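So the chains spell out like this:
Protein chains: 2
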Amino acid sequence: MIEAAIAVAEESGAESVSVREAARRAGVSSGAPFRHFATRTDLMTAVAEEGMLRLRGAIDARLARLRSKHPLARLLAIAEAYVNWVVQCPTLYRIVGDRTLIDFEGSEVLSGGANGIRTAMSAMFEEARDRGMLRENDIDRQHFESRALAYGLARMHVDEHLREWGIAKTRARAAMHAALRSYIISLAKDPDSLKAALEEG
Amino acid sequence: MIEAAIAVAEESGAESVSVREAARRAGVSSGAPFRHFATRTDLMTAVAEEGMLRLRGAIDARLARLRSKHPLARLLAIAEAYVNWVVQCPTLYRIVGDRTLIDFEGSEVLSGGANGIRTAMSAMFEEARDRGMLRENDIDRQHFESRALAYGLARMHVDEHLREWGIAKTRARAAMHAALRSYIISLAKDPDSLKAALEEG
DNA sequence: AATTCAGTGTAAGCACTGCTCACATGAAGG
DNA sequence: CCTTCATGTGAGCAGTGCTTACACTGAATT
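Chains A and B are the protein sequences, given in the same order. Here the first sequence is numbered in the numbering used here, starting from 1 and rising by one per residue. Here the second sequence is numbered in the numbering used here, starting from 1001 and rising by one per residue.
Treat the hints with care, since some could be wrong.
Here are the simulated SDA-like pairs of lysine to any residue, each with C-alpha atoms no more than 25 Å apart in a straight line [to be verified]:
no., chain 1, residue 1, chain 2, residue 2
1, A, Lys195, B, Pro1191
2, A, Lys189, B, Lys1189
3, B, Lys1189, A, Ala7
Read the hints as simulated data drawn from the structure, not as lab findings. Bear in mind that the values here come from a model prediction, so they are computed numbers and not experimental data.
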C-alpha cells in the first residue's frame, strides 16, 4: 500500500493520491486499505514516515562520510544533505512537510525525526560557540535563522518558485549550496579557517 | 463567491474549500459558480489574486510610511511587511503560494505581483551595491538568499513549524523580525550606520 | 481433529465532491 | 413584441473517503 501510494504521488502529485487509486495500484479492492489504515491521513502519514526515515538516513550517511570535525562544516553538511534529499525526492518531501495531509504530531517517527535533526544542529551551534568559532553568540537566533534559510530553499524548490528566479532544475542544487555555504561562512568568526575545513571534505 | 470562498478557507482550511460549500455560503445553487469560474482552480486563483493585491498593498503602504531612504532599511521593511502580512492572513497566504491549488503562471496578477516584489528587492540591492553599502557584491546570491530566508520564515509559520521551536504564535512576528534584521545587518559594510537608519524608522 | 476466531479481502452503499447540461428566468435592445 | 444573452437551477455522472455485511483463511484452543 505504501509503495503504491508513493508511486501514485510521484506521478500525479501528492494531493491527488486517493485511497482507491492506491488500492487499484496494489491490486486489491477499494475497502482493503482501511483494514490497515483507518483513514487516508493515516496512509499518508505512513508514507511520510517512510520519507522521514530516508531523509534522516541521507543526513546520517553524509555526516558519517564527512572527515572534518569543524562544527560549522558539519552544520553545513547537514543543511546540504537536507536540500540534496529534497531535490532528489521532492514529492516525498512535500508529504513529510504537509501538516494538512498527514498527522505529524501524532507520529513518533515524524515528530521524533524532526526533533533529532533540530537537536543535532543545536549541538553543533553549541560546540561552535563554546570553541569560540562564532562571530556572535546568540545561537538560538542563528539556529532558527539557518533553519528558516534551509527550509525556505527547500520549499522554494518543491513549490516551483525557482523558475521565476531563472534557476533551472539542474542548477537548483548548486544555487542552494551556494546560499547555504555563504550564509554559514558569514556566521564564522574566522571564515578562512572554516573555508579550509570545508576544503578538507 | 470570492468572499464566500475566503470565509470557508478561513474557518475550515484552504484545501477543504469546495465549490459547492462556497455556493451554499453565497446562497446560490451548486452549478452557479461555474458560470463565473470554469473550474475550482479558477475560483481559488481569483481568491489568490485578491490575496496578492492585499499583500502588495501592505508592502507599498509600509514603504510609503518609511522615512529612511537607506536601501537596506527599505529592504528590511519589505521583508518585515511580507512576514507581517503572512502572520495576519496565513490562510490567504497559503492559497497564494500553493501552486497545486491555483494557476499561478496563468494569472497576470499573481505572476506580475511576485515579479514586482522581486524587482523592488533587486533594485534595492543594486542601489546598496552602487553606494558601497554591502560587505560583498554578489547581489544575485544575496537577493536569492534573503528571499529564501523570508520565504522560509513565512512558510514555517503557516506550516505550523513554529511550535516545535518553542515560539508561541504571539511571538512569531518578533522572532521573524529578529531573524530578518540580524541577517540584513550582516550584509551591511557599515552595520552601525544601518542600525542608525533603522532607528530613524 | 474439530472448532473457534482474529486478520484480511470484497462489494455494495452513503454522503460528498468537481463538473456538465437541459432548462428556466429575466433584463436589454432591436 | 420578440430576440438575445447572461445568469441561476437542479438533476445527473464519475470520482472520492469511509462503513458495513459478508466471505475466506489459517492458526490456536479445546
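Evaluation of the provided hints:
Taken as a hint, the lysine 195 of chain A and proline 1191 of chain B pair is honoured in the structure, with Cα atoms around 24 Å apart against an allowance of 25 Å. Under the criterion of a C-alpha separation no larger than 25 Å, the hint pairing lysine 189 of chain A with lysine 1189 of chain B is consistent with the structure, at around 16 Å. For a cut-off of 25 Å, the pair hint linking lysine 1189 of chain B to alanine 7 of chain A is broken: about 50 Å separates their Cα positions.
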